[in-house]
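There are 2 protein chains.
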Amino acid sequence: MKYAIGVDFGTESGRGVMVEVDTGQEVATAVYPYSNGVIDEALPESGVPLEPDWALQDPQDYLRVFQNTVPQLLRESGVDPSDVIGVGIDFTACTMLPVKADGTPLCMLAEWRAIPHAWVKLWKHHAAQPEADQINETARRMKQAWLERYGGKISSEWFFSKALQILHEAPELYAAADRLIEAADWVVWQLTGVETRNACTAGYKAIWSKREGFPPREYFAALHPQFANVIEEKMSRDIRPVGQRAGGLTEQAAAWMGLKPGTAVAIANVDAHVAVPAATVTDVGRMVMIMGTSICHMVLGSEEHVVPGMCGYVEDGIITGFFGYEAGQSCVGDHFAWFVDHCLPAAYQQEAQARGLDAHVLLEEKAALLKPGASGLLALDWWNGNRSVLVDVDLTGLLLGATLATRPEEIYRALIEATAYGTRVIVETFQQNGVPIHELVACGGLPEKNKLLMQIYADVTGCPIRVSASQQTPALGSAMFGAVAAGKAAGGFDTIYDAAQRMARLKDETYTPIPEHRPVYDRLFAEYLSLHDYFGRGGNDVMKRLKAIRAEVLGPAEAVYA
Amino acid sequence: MKYAIGVDFGTESGRGVMVEVDTGQEVATAVYPYSNGVIDEALPESGVPLEPDWALQDPQDYLRVFQNTVPQLLRESGVDPSDVIGVGIDFTACTMLPVKADGTPLCMLAEWRAIPHAWVKLWKHHAAQPEADQINETARRMKQAWLERYGGKISSEWFFSKALQILHEAPELYAAADRLIEAADWVVWQLTGVETRNACTAGYKAIWSKREGFPPREYFAALHPQFANVIEEKMSRDIRPVGQRAGGLTEQAAAWMGLKPGTAVAIANVDAHVAVPAATVTDVGRMVMIMGTSICHMVLGSEEHVVPGMCGYVEDGIITGFFGYEAGQSCVGDHFAWFVDHCLPAAYQQEAQARGLDAHVLLEEKAALLKPGASGLLALDWWNGNRSVLVDVDLTGLLLGATLATRPEEIYRALIEATAYGTRVIVETFQQNGVPIHELVACGGLPEKNKLLMQIYADVTGCPIRVSASQQTPALGSAMFGAVAAGKAAGGFDTIYDAAQRMARLKDETYTPIPEHRPVYDRLFAEYLSLHDYFGRGGNDVMKRLKAIRAEVLGPAEAVYA
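Chains as they are written, first to last, in our numbering: chain A, 56 to 617; chain B, 56 to 617.
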């Protein structure tokens, strides 16, 4: 029996999993919480304070994930290291750092260690909004065609926003950095000794495409004279599709983990994207939803289409041979958590305690007794803005239809329904723009926790929903890519299709749309769409004006936090 | 020292107050809770069940109020009955009943006692909506000019809706009723032995005006052939202005109470309207707000104006010589109670308990720390429909601007602000239609309880707000009218103006608009108005469609209750 190891780098911890290549069975799991976690108040050791909206990480933590989880996997599974044929990794993105030519992070050098810009900028580092604004304005002014691939807007979270912030605020550090690199690619470099760049982060986060490459030099020059040659000076034009072998483990990296030197390592990948084949999807027509605090939607297309308001699409970005389309909803699990934290009445909390239930379970139980349309409520799921298809962080939440008889479980259900309508907008926008979808495949934490939510999504979208069998789909996906990097000759697979056939599985249950719920939800969705367009497409910009008044009243610093 | 007694008939109880005529000092108060309360499930004794939306009362309870409270007032105050110069009463309205020619209620006769229609229909009896619909449709079809005096709509709560329901559903009982009469007038009849009809209930609830009288015979005939002569057969065209003497106490009524036979009794009045002079308002320019679960707005005008969307206006309806204009907001105190009952998180309830505070006080304290505009929230105060100026029970509540950082006290403050915007719509609609308002005078329970609310109302409307000194303004007002019924020669007053000078008082404090809050609230009010008109005037009837879907899904009976 051969094995592959997947390592999933999350926001708070890294998770390793040992998987049987023939069966996909997960024989051991190990988690290492980052010792420096998310650095958002002050730098370790120096105690240098950070501005609001900063979010950094320590690259040493990533190495400690390998050093801690893999030996534990070997120990607990009893697998012989020589039977481990490949390693794959996936990462949050864009999570990036400045390094020297030999791969040493600047933050690990004494002279830069007390400079915040020397550290890893985590995906949720939001302090580069001015740079994102400049990137977008300049692109519009210079009529850059690539802008529409990304729903018309580059995020402050993405690669060039963060890189430009370094140049603006720490030009000497920018000059000292030989490379700017995704953490995903950096850890693969540390394992193999070879610098590679993956197509997934390059495409989704760094404005690269297989056919057109990066934006032209004049565009970068317009952002800042010293930014003109950022690709040549700090990055690479050699972008490798996911599914390839990046290299073999170095002696040093093999020693960290207790594996054999030369063991195959896959090109780096992104947590959401690597979940797609692990959820059995390697062809068109089935959309994967990674459902947690937010939802990330992934769908493969055989043709290139500009789908308005999506997060982006990348050729070979998920599976080689397909365009990988990505969309997102920024407030899903967070939405229900907000409700439980801020709106759950004492009587309900007491009932949950007395019955030994989680508050969400109690609310789900009560909400499940309601018929669609029976509350008279309708919500817009914009408590955290709208990612797709409006791409507008300044939109806010709306609840309509309340009466003196409105009960908490009715509001809770209305919030669930609102996120389902948001998903339907995304599904229909794809469908209407040439990207077919006929089934949804869910993974992540939410599908395990809330069956009512899954049924409502099926009823609202009209699509059957399957659920990934793995509770750690990204880590499984990384192991699958590890087995592909090893190749069939070594006991792995030659393609991710073959790997998915053997290693990926769905649960037996299917959430099927309930026929009698469909017409009511069609009518409610029509009302949702009408409010969605009125408040989201300029009919009434009251939400933005209220935010502006709020910012004026509070002053910018307070408004950012609250 | 001379005294007058005021008796205020509320929904659950009657309240008597003994007042010094020279000073307005309230020397004793007594409350009698109706033994049969609000009858909304089954009739007393017979147990005959009632349909949904019914709300009845027992007229015997009204007599028991006199028999219990007045002797207690005399006992506790030590006042000599010969020093009590007058009695005034006020009542909820329209609260009406069928009686025989001698004043005996049909429900007190054995043959009718088990028939629901024989009992008093309380103001909140809502089962006559089909009749109200017919009344409105017929009036529009027959182009009845009086309809616009009532904001274009007669309520199901009003006199002819209830009377027509009796005719439709119990024609033999309708035939057996010699009189249909307001409970207010009926209790005055029981005290004096004389049937009188007051201008206040006739004007506000029974489509009467001093200049035009009742609607024409043809109109009533179009509603139902047997309704053609309802005025002549069951009512009276002899409508008496408030402020007059109805008669003197009969021997029997005097004996019930321990007062002297012949003691002056005032023409009946309505609870909200009688509060106006008791809140010192006997002239134009100052609007009285009776603030509790809902708000009733009263303002005097020297000229007749049709003000769109108000509840009605009646010449001599509040103070002789003025047009009395009435408006209403159907969800104020109820709004905050709903929030505390259904949305207050356990942590807040625990904090309130630990500190020995009422939940409303805690929320007020937290909400008072917020600056206007700082929450980014805006609400439409339609949790119970909109009474003025949209006159639409099918509108529902809206909350807009929520984010994942939105806290309970921000929602609570937004609900308060929404009701303040609702008041400003009413104030400005009056002002724009020829009824000047430059100051607000508040009475009722809310002003005592919530200083933040009062300040927000001042800030939003831009009007200073005074507060009535009495905690039982309607009962004080009735005592004032009792003193006027007695007349100056008997130690009372010849006019309500004179009575108000001596007996009515305001608290010293004034809520003055805070200048720096005004511009922010002007901008927020503009946003409120835009949403108010969009959802309330046909821009998007989503609220009505959601209610219709709800009714379809639930079926009519469930929808009525929930």
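Treat the hints as calculated values from the structure; they're not laboratory data.
Treat the hints loosely; a few may be bogus.
What the hints assert, rightly or not - Each computed DMTMM-like pair below joins lysine to aspartate or glutamate, with the alpha-carbon atoms no more than 25 angstroms apart:
1) Lys602(B) / Asp577(A)
2) Lys426(B) / Asp396(A)
3) Lys599(B) / Asp588(A)
4) Lys599(A) / Glu464(B)
5) Lys315(B) / Asp338(B)
6) Lys426(B) / Asp447(B)
7) Lys426(A) / Asp108(B)
8) Lys602(B) / Asp108(A)
9) Lys426(A) / Asp135(B)
10) Lys421(B) / Asp577(A)
11) Lys602(B) / Glu420(A)
12) Lys602(B) / Asp396(A)
13) Lys599(A) / Glu582(B)
14) Lys602(A) / Glu582(B)
15) Lys426(B) / Asp108(A)
16) Lys602(A) / Glu406(B)
17) Lys602(A) / Asp449(B)
18) Lys426(A) / Asp413(B)
19) Lys602(B) / Asp413(A)
20) Lys599(A) / Asp413(B)
21) Lys602(A) / Asp108(B)
22) Lys599(B) / Glu571(A)
23) Lys602(A) / Glu464(B)
Hints, one by one, checked against the model:
For the proposed pair lysine 602(B) and aspartate 577(A), the alpha carbon gap of about 16 angstroms is at most 25 angstroms, so the pair holds. Taking the CA atoms of lysine 426(B) and aspartate 396(A), the gap is about 23 angstroms. The hint holds against a cut of 25 angstroms. Proposed proximity of lysine 599(B) and aspartate 588(A) is supported: the alpha carbons are some 19 angstroms apart, at most 25 angstroms. With a C-alpha separation of about 22 angstroms, the suggested pair lysine 599(A) and glutamate 464(B) falls inside the 25 angstroms cut-off, and the hint holds.
For the hint pairing lysine 315(B) with aspartate 338(B), the CA-to-CA distance comes to about 34 angstroms; that exceeds 25 angstroms, so the pair is violated. Simply put, lysine 426(B) and aspartate 447(B) have alpha-carbon atoms about 32 angstroms apart, too far for the 25 angstroms limit, and the pair is violated. Restraint check for lysine 426(A) and aspartate 108(B): satisfied, since their Cα atoms lie roughly 24 angstroms apart, inside the 25 angstroms limit. The straight-line distance between the Cα atoms of lysine 602(B) and aspartate 108(A) is roughly 43 angstroms, outside the 25 angstroms bound, and the hint therefore fails.
Distance check on the hinted pair: lysine 426(A) and aspartate 135(B) sit about 65 angstroms apart at the alpha-carbon level, beyond 25 angstroms; violated. Distance restraint check for lysine 421(B) and aspartate 577(A): the Cα-Cα separation of roughly 41 angstroms exceeds the 25 angstroms cut-off, and the hinted pair is therefore not satisfied. The suggested pairing of lysine 602(B) with glutamate 420(A) holds, with an alpha-carbon distance near 24 angstroms, which does not exceed 25 angstroms. Distance hint between lysine 602(B) and aspartate 396(A) is unfulfilled; the C-alpha atoms sit about 29 angstroms from each other, more than 25 angstroms.
Our distance criterion of 25 angstroms between C-alpha atoms is met by lysine 599(A) and glutamate 582(B), whose separation comes to about 11 angstroms. Restraint check for lysine 602(A) and glutamate 582(B): satisfied, since their Cα atoms lie roughly 12 angstroms apart, inside the 25 angstroms limit. Distance restraint check for lysine 426(B) and aspartate 108(A): the Cα-Cα separation of roughly 24 angstroms lies within the 25 angstroms cut-off, and the hinted pair is therefore satisfied. Using a Cα cut-off of 25 angstroms, the hinted pair lysine 602(A) and glutamate 406(B) is violated, with the two alpha carbons roughly 30 angstroms apart.
A distance of roughly 30 angstroms separates the Cα atoms of lysine 602(A) and aspartate 449(B); the hinted pair therefore is violated under the 25 angstroms criterion. For the given pair, lysine 426(A) sits about 35 angstroms from aspartate 413(B) by alpha-carbon distance, which is inconsistent with the 25 angstroms threshold. Under the criterion of a C-alpha separation no larger than 25 angstroms, the hint pairing lysine 602(B) with aspartate 413(A) is inconsistent with the structure, at around 32 angstroms. In summary, the hint linking lysine 599(A) to aspartate 413(B) is not supported, as the alpha carbons are separated by about 35 angstroms, beyond the 25 angstroms threshold.
Between lysine 602(A) and aspartate 108(B), the direct Cα distance comes to roughly 43 angstroms. Violation of the 25 angstroms bound is thereby established for this hinted pair. For the hint pairing lysine 599(B) with glutamate 571(A), the CA-to-CA distance comes to about 22 angstroms; that is within 25 angstroms, so the pair holds. Note on lysine 602(A) and glutamate 464(B): the hinted pairing holds, with a Cα-Cα distance of about 18 angstroms set against a maximum of 25 angstroms.
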